[in-house]
Amino acid sequence: ILNVEQSPQSLHVQEGDSTNFTCSFPSSNFYALHWYRWETAKSPEALFVMTLNGDEKKKGRISATLNTKEGYSYLYIKGSQPEDSATYLCASNTNAGKSTFGDGTTLTVKP
Amino acid sequence: NAGVTQTPKFQVLKTGQSMTLQCAQDMNHNSMYWYRQDPGMGLRLIYYSASEGTTDKGEVPNGYNVSRLNKREFSLRLESAAPSQTSVYFCASSEYRAYEQYFGPGTRLTVT
Numbered sequence: 365i366l367n368v369e370q371s372p373q374s375l376h377v378q379e380g381d382s383t384n385f386t387c388s389f390p391s392s393n394f395y396a397l398h399w400y401r402w403e404t405a406k407s408p409e410a411l412f413v414m415t416l417n418g419d420e421k422k423k424g425r426i427s428a429t430l431n432t433k434e435g436y437s438y439l440y441i442k443g444s445q446p447e448d449s450a451t452y453l454c455a456s457n458t459n460a461g462k463s464t465f466g467d468g469t470t471l472t473v474k475p
Numbered sequence: 016n017a018g019v020t021q022t023p024k025f026q027v028l029k030t031g032q033s034m035t036l037q038c039a040q041d042m043n044h045n046s047m048y049w050y051r052q053d054p055g056m057g058l059r060l061i062y063y064s065a066s067e068g069t070t071d072k073g074e075v076p077n078g079y080n081v082s083r084l085n086k087r088e089f090s091l092r093l094e095s096a097a098p099s100q101t102s103v104y105f106c107a108s109s110e111y112r113a114y115e116q117y118f119g120p121g122t123r124l125t126v127t
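Residue numbers (my numbering), protein chains in the order written: chain A, 365 to 475; chain B, 16 to 127.
Derived from the structure by calculation, the hints contain no laboratory data.
These figures come from a predicted structure and were not determined experimentally.
There may be inaccurate statements among the hints.
Below, simulated DSSO-like cross-link-like pairs (lysine-lysine); rule was C-alpha separation at most 27 angstroms, straight line [to be verified]:
id: 1; chain 1: A; residue 1: Lys462; chain 2: B; residue 2: Lys24
id: 2; chain 1: B; residue 1: Lys72; chain 2: A; residue 2: Lys462
id: 3; chain 1: A; residue 1: Lys406; chain 2: A; residue 2: Lys433
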């Protein structure tokens, strides 16, 4: 993998469904993996930063895992709510501080 | 705390004109970044400054220059604007390189 890739590109779920997205990133020069939440007409806001293989982070109904050996991270949302509707971005960072973003997964939660 | 501020919010330029986008942060962060965001795409790094006094190219640096004026301020300059530079530009800062980033509100730039 040369670039940061996110899948799926978009997702439509019903309120109460649980969902997950994938972020794949190059293993070379990896230092940290970030997840951001981006609502329409706002700026991206940080959700998680993970650095170690096997890291797991949780914030309320949202959690994330990191596998640096195979170069992927998962973001999970349990019991989706309409207010979870947003674009979720991941970014891979090198130790030098260079960050590369994926194109994002746009989640729409229908009431 | 204002966080990260950007000026202007909107700008229309003619092809060939120059302008500078300003960014300032009041969180005493060491690292600052400039991104552009085009429809259907994520954020692409233009330039970054891992610490005061240093700047480095990102993915898409052509047509841009930057200045890390001091620890607070990081400006982006378009010397000769082109229609391909029509985009939304975001500035961000982080306490240290590779830490979580805090984003400004963005500047919407149109080049005709």
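Verification of the supplied hints:
1. Under the criterion of a C-alpha separation no larger than 27 angstroms, the hint pairing Lys462/A with Lys24/B is consistent with the structure, at around 25 angstroms.
2. As the CA atoms of Lys72/B and Lys462/A are separated by approximately 9 angstroms, the hinted pair is consistent with the 27 angstroms bound.
3. For a cut-off of 27 angstroms, the pair hint linking Lys406/A to Lys433/A is broken: about 34 angstroms separates their Cα positions.
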